[in-house]
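Residue numbers (my numbering), protein chains in the order written: chain A, 1 to 315; chain B, 1 to 329.
Certain hints may be false.
Just the calculated beta-carbon pair ranges, DEER-fashion [what the hints assert, rightly or not]:
1) A:Thr139 - B:Pro252: 26 to 32 Å
2) A:His74 - B:Thr325: 33 to 39 Å
3) B:Pro150 - A:His74: 44 to 50 Å
4) A:Ala132 - B:Pro252: 48 to 54 Å
5) A:Arg215 - B:Tyr3: 38 to 44 Å
Derived by calculation from the structure, the hints in this document are not laboratory data.
Beta carbons are placed, not taken as given, at the ideal position from N, Cα and C, and that holds for glycine.
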Amino acid sequence: MTTHNPPPRTAPPAPDAARPVLTVRDLNVVYRGDRTVHAVKDVSLTLHRGEILGLAGESGCGKSTLAYAVNRLHEWPAEVSSGTVTFHDRDGHDLDLLALRDEELRRFRWSKLSMVFQGAMNALNPVTTVRAQLEDVLTTHRPGMSKQQRRARCAEVLDLVGVEPGRMHSYPHELSGGMRQRVMIAMALLLDPQVMIMDEPTTALDVLVQRGILREILRLRDELGFAVVFITHDLPLLLELSDRIAVMLRGEIVEYDTAETLYRHPRHPYTRQLLESFPSLTGERGAFLRATGPASPPAAGPAPHDQARPAGSTR
Amino acid sequence: MRYYARKTGFYLVALWAAVTLNFFIPRMMPGNPVDILMAKLQQRGGTVGPSVRRSYELLLGADHSDSLAQQYLSYLNNLLHGDFGISVSAYPAKVSDVIGQSLPWTIALVGLATLISFVLGLTLGALVGWKRGSWLDSIIPGTTVLAAVPYFWLALILAALLSSTLNWFPLLGGYDVTYDIGWNWDFVSSAVQHGILPALTIVISSVGGWLLGMRNMMVSTAAEDYILTARAKGLRNRRVMIRYAARNAALPSVAGFATSLGFVVSGSVMTEQVFSYPGIGGRLLQAVENNDYALMQGIFLVITVAVLGANLLVDLLYGLIDPRTRAGN
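Only chain A is shown next, with the shape it has when bound in the complex (with noise of 0.2 Å):
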């Protein structure tokens, strides 16, 4: 069963929520190669103002290639085949980000849409400070500010994520896991995009800094505003966090609803596997699952598609 487009009535109370932010319509990635591996199959999405927007799946069905494509970041192999990617602009200007020129996407990434990436650890530059990789986005994308205000504005997003703004004349090696994801996010938010995409921020961190970083990440929401699409494997986490959530499984989103529903409801075989296969402290959910799922026995452990997932579709 696939629902691309939920009824309203279960539309979340997100501000702007009438509004869309980003329409991802009929995408298909492939990723050409002896066999060409279609990673993400005519995924159809709407991303509104101020929404979390969580994408959950096992690792390589295709979540973080169809983040990727949405910024036009794949390189040969991965090819978008099809679809179209809007960009719903403040202004009220529409942007097909598929078919803008290579300066006008340099000028779009960032300043309207930017990321945190999963491997906090590698995402940094090793060799730079982080001021120095925190500037050179001012540098690029506001070549009209002095010295003096893209050092405030770093200072400023720094405080903003918690890290005590004297922490950017070190480098990268020299913060915890945490930090650097916390940094990142810093940046991400200096040029205060109206998308931030997400792919697994906290995976590599503990629960406890995890928590942190995702209450740190709502709060900024609230505040400033901006959408969020959360990509991770973790569906309770999402649950928690997202106002709606597509699953995905084999480049297919078989799943869109908002969290609520999913988890009251959930209609996919496969959103209800994983939904099972987090072990509940109460054992209350699981009780609840049994006593509305279907028929068959509930399947213990990680889903059994495994053995279909398409090869190097990892990201």
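Based on the hints, put chain B in the right spot on chain A.
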């Protein structure tokens, strides 16, 4: 502080070991300088008697009445006083003077050529690696073939082509001998003119190694997450290539460059032989041919100090270009 003390201590021990080897190795070589001088004297019709031999032995310090240990101690003592002895092959010049005259030529020629080759190789390598799969890839086999061709053959071909046939560059020597050595225009321009061809051969034969190494590092660096981040940040392609990719890809090459700087002094033997260049490589060959222990030892010592000094410099400076190595110091 302990880090620097340990490093300095290590290099002092290495220096002592090198100096000691420097003493023993020439003495293990067959032949004797006195025999060679006697033979030369005989060829010119001089009288060769035991008294002549004795006086030569005393003159050259080839007198073996001292024990090896005593010789070693006086060798160390002389080194401390900057006294490398008298050169047999350039008799009666002092070894320190012979080295002092030839070393600047080598450093200028081979040093500059190595620097040019390094910069050129890194720049091309960064470009080729960044635009992997484009026509630029075809540079690699070309430069690799040039690096694989025996150097003397390449040098002779270039000399025959550019100098003998086309007459673009002078064939031999380091400068036009009709000018006085000094900082005057005639001499300097003549020295530059004489240096271009040998430098060209060095660059052509060595640029391939730098290029290939840099290109491969560039390709693996381009797959790093921070490059993806930099692209997503909307930075200009040039900036991503230089500040993010090349900056990281160059790190191993920089270490290699410092080592190759140490070998500038010794690496010039072939070049200077082909082009009759007045540098230290030619002197070394001359010293070996004439069993000139003193000159050999002096040159080896210069080479050793150059290699050790270059390595010490890299050790201390590497922390500047790669902050990760500073941790724990």
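Outcome of the hint check:
1. The given range of 26 to 32 Å is respected by Thr139 of chain A and Pro252 of chain B, whose C-beta atoms sit roughly 29 Å from each other.
2. Here the CB-CB span from His74 of chain A to Thr325 of chain B is close to 34 Å, well matched to the stated 33 to 39 Å.
3. Separation of Pro150 of chain B from His74 of chain A is about 46 Å and conforms to the stated range, judged on CB atoms against 44 to 50 Å.
4. Taking 48 to 54 Å as the suggested C-beta distance range, the pair Ala132 of chain A and Pro252 of chain B does not conform, at roughly 22 Å.
5. Distance hint for Arg215 of chain A and Tyr3 of chain B: a CB-CB separation of about 42 Å, consistent with the stated range 38 to 44 Å.
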